[in-house]
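Chemist: Residue numbers (the numbering used here), protein chains in the order written: chain A, 1 to 403; chain B, 1 to 325.
No lab work stands behind these hints: they were computed from the structure. Where hints are given, some of them may not hold.
The list that follows gives simulated cross-link-like pairs (lysine-lysine, DSS-like), each with its CA atoms no further than 25 Å apart [as the list claims (entries may be wrong)]:
#  : chain 1 : residue 1 : chain 2 : residue 2
1  : A       : K335      : A       : K349
2  : B       : K220      : A       : K382
3  : A       : K387      : B       : K220
4  : A       : K353      : B       : K306
5  : A       : K356      : A       : K376
6  : B       : K220      : A       : K303
7  : A       : K382      : B       : K50
8  : A       : K138      : A       : K349
9  : A       : K54       : A       : K266
10 : B       : K306      : A       : K387
So the chains spell out like this:
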Amino acid sequence: MAKLLNVENPTNTIRKDTLELDFVGEHALSIPTFKMLDDNGELYKGAQKSSMDKETAIRIYETMRFIRVFDERMLAAQRQGRVSFYMQCLGEEAAVTGSAAALEDKDMIFAQYREQAALAYRGFKLEQFMHQMFSNEKDFGKGRQMPIHYGSKELNYSTISSPLGTQIPQAAGYAYGQKLKGDGACTICYFGEGAASEGDFHAGLNMAAVHNSPTLFFARNNGYAISTPASEQFKGDGIAVRATGYGMKAIRVDGFDALAVYEAVKMAREYSVKNNAPVLIESIAYRLAAHSSSDDPTGYREKEEEETFRDNCPVERFRKYMVKQGWLDEAEDEKVKEQIKVQVLDALKVAEKVAKPALEEIVTDVYEEVPAHLQKQYEQLKAHILKYPESYPATASRIGESK
Amino acid sequence: MAKMNMLQAINSALAIAMEENENACIFGEDVGAFGGVFRATSGLQEKFGKDRVFNTPLVEQGILGFANGLAAQGTLAIPEIQFADYIFPAFDQIVNETAKFRFRSGNEFNVGNMVIRTPYGGGIHGGLYHSQSPEAYFAHTPGLKLVFPRNAYQAKGLLAASLESNDPVIFFEPKRLYRASVGEVPEGKYTIPLGKAEIVQQGEDVTLLAWGAQVEMLEKAAEMAEKDGISCEVIDLRTVAPWDVETVTASVIKTGRLVVSQEAPLTGGFASEIAATVQEECFLHLESPIERVCGLDTPYPLAHEKEYMADHLKVYEAIKRSVNY
Ligand SMILES: Cc1ncc(C[n+]2csc(CCOP(=O)(O)OP(=O)(O)O)c2C)c(N)n1
Chain A
1 MAKLLNVENP TNTIRKDTLE LDFVGEHALS IPTFKMLDDN GELYKGAQKS
51 SMDKETAIRI YETMRFIRVF DERMLAAQRQ GRVSFYMQCL GEEAAVTGSA
101 AALEDKDMIF AQYREQAALA YRGFKLEQFM HQMFSNEKDF GKGRQMPIHY
151 GSKELNYSTI SSPLGTQIPQ AAGYAYGQKL KGDGACTICY FGEGAASEGD
201 FHAGLNMAAV HNSPTLFFAR NNGYAISTPA SEQFKGDGIA VRATGYGMKA
251 IRVDGFDALA VYEAVKMARE YSVKNNAPVL IESIAYRLAA HSSSDDPTGY
301 REKEEEETFR DNCPVERFRK YMVKQGWLDE AEDEKVKEQI KVQVLDALKV
351 AEKVAKPALE EIVTDVYEEV PAHLQKQYEQ LKAHILKYPE SYPATASRIG
401 ESK
Chain B
1 MAKMNMLQAI NSALAIAMEE NENACIFGED VGAFGGVFRA TSGLQEKFGK
51 DRVFNTPLVE QGILGFANGL AAQGTLAIPE IQFADYIFPA FDQIVNETAK
101 FRFRSGNEFN VGNMVIRTPY GGGIHGGLYH SQSPEAYFAH TPGLKLVFPR
151 NAYQAKGLLA ASLESNDPVI FFEPKRLYRA SVGEVPEGKY TIPLGKAEIV
201 QQGEDVTLLA WGAQVEMLEK AAEMAEKDGI SCEVIDLRTV APWDVETVTA
251 SVIKTGRLVV SQEAPLTGGF ASEIAATVQE ECFLHLESPI ERVCGLDTPY
301 PLAHEKEYMA DHLKVYEAIK RSVNY
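Model the full assembly from the supplied sequences, consistent with the hints where possible.
Modeler: In structure tokens:
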């Protein structure tokens, strides 16, 4: 027996023996939450020094300010029936923007759907957001998906897919490819604590760990998956602890604190790229808004609970920090907010008038080339629409004008 | 009788089953206190407690694996998959396990005590991931019953029968009609037999066949055709697997013509299966080729949803082609 212990164990799990009969407790491992900024925008006493320069801080702040105004306006537009569906980032602006800021442009982003701030940080334009939401002919996705399913090849932002969790193993694979290419880049993958229950989460983390793939798994723990509170989603100490099971590093961070998120992700990125290893990051924040414009949170949570977190506003916290640094003029800030509101409305008015994609986009991109059977179906459809033009008003008048 | 929409009819069937069967369990994403994103399970947790009506973690494969175990143990398991588009993570549990539990064990074990409820279909501006009609994948798997209601009354009766069935059932709910379909529905229990098609409207010239939300398209098209002097027999298949060959072929033998319509893409769809069988059974009675009116062979688009759908106008054109062949 003694001899056997010296042999490397092929199961790669047994590290230590014990003669003591005892369970390991459910919470034997609990991971602390890293934070830097308090609610007043001051560094906590003893907090680590920030490495964020002024330029980055301004860009983070401007992104958060934009996304907050944008979200507010778009939800209002949805209520007016101008946009069919919307999802806000409210409450998670710091988590998403702070993490995006810690990356390099060559790093890939696989998002879930609530990460518009990361895309905005990368430079996705207001008009581009709008075109997607109106499914018009300028939408990169050619009007095929619901609103908020953005994507941009140029900005290294993989197009959103609705089925939850599917992006998690994909990110591991993408990052593995980046490693093989040797371009010193990594992939970040965002998902909610709800999506972390999917089989794809477990598959993805395990693959990344075993194959040494430089992937940053960013769990946005915002307390709810539609109506299901985190307490009905998982037992145990959140998402971060699971990393240990897969043999990867983890860090948990205050998701209301842009500074802390930035530092955590920066460190994770450095480690991941240098060591070709995945890292699991868990951001603890709160989904201040409804799940989506189709949801009504009064059916499953108390207003008081929401109010408690409203005081924890991540944008406000960072704004105070910026003012204290002398990096932000408050009067100017208010003016800019008003300007953004006007810009958003103007962009909306433009986008809603842009034509729908041409009818032929219905059969393109299914395959690289349109196969014969689809071409036939398209011709039949065209003939049908021309027979009943008044029943298909969006496309009928345009048939014949395209190539 | 009471006026109910389809959601209320479904809720009523579930409540009755839960009362009749003290161990029955309803579970899935958001089905607990909130009553599901469409509110089909509203009030059930309050009535039957958290042990029997509960939210699950967000994992379809887990929901169905859990349901398989629970049903194998003898409890009536009523899992919900929030959208039929998200049934695919559970595909392995359904296709390899639910469908084969009885066969592989020589009936030592079975999961006949299971009804998987799931909202399916388009017409709600959901784009490619909130509009799919995935019945063909499951129809290819022996061992599963696939049931589609077309209105509130049918929903309650068919769901009640599904809950009594000793085979696993996937109950596909047309979400476009959840609130739109309102009708007189008995408050008490009634069942509508599985495996039986219904002749919704008698006719002489051509048989129109569909299931679920698509039946509405047939009815509209039949009305248009009637103005042209064409008499349509409209059949709601109701159970896609195993399907009622007898009722369908008897009708086609009478009319000599068949138009079959489905929301899902054409290729490999269940309409193709029906066309093949009818061709075999009714060859000498057919006056014209069987017409299939289906979705295009593309994913479900958002902007071109209207153009994509197998709508009443496309069915109407098919009726004319069939009659004027
Ligand atoms: C596979 C799959 N199942 C169900 C859904 C429906 N759905 C959309 S969002 C959502 C909740 C997601 O919660 P979480 O991952 O915690 O993210 P959050 O919305 O809180 O940001 C659900 C159940 C889906 N899109 N995909």
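Chemist: If a hint holds in the structure, say so; if it doesn't, say that too.
Modeler: Now for the hints, and whether the structure bears them out:
1. A:K335 to A:K349: Since the Cα atoms of K335 (chain A) and K349 (chain A) sit roughly 22 Å apart, the hinted pair holds (cutoff 25 Å).
2. B:K220 to A:K382: With a Cα-Cα distance of about 22 Å, the restraint between K220 (chain B) and K382 (chain A) holds, given a limit of 25 Å.
3. A:K387 to B:K220: Since the Cα atoms of K387 (chain A) and K220 (chain B) sit roughly 18 Å apart, the hinted pair holds (cutoff 25 Å).
4. A:K353 to B:K306: At roughly 19 Å apart (the allowed maximum being 25 Å), K306 (chain B) and K353 (chain A) satisfy the hint.
5. A:K356 to A:K376: At roughly 22 Å apart (the allowed maximum being 25 Å), K376 (chain A) and K356 (chain A) satisfy the hint.
6. B:K220 to A:K303: 46 Å, violated
7. A:K382 to B:K50: 53 Å, violated
8. A:K138 to A:K349: Given pair K138 (chain A), K349 (chain A) holds - Cα atoms ~14 Å apart, limit 25 Å.
9. A:K54 to A:K266: 16 Å, holds
10. B:K306 to A:K387: 15 Å, holds
In summary, the numbered hints that this structure violates are 6 and 7.
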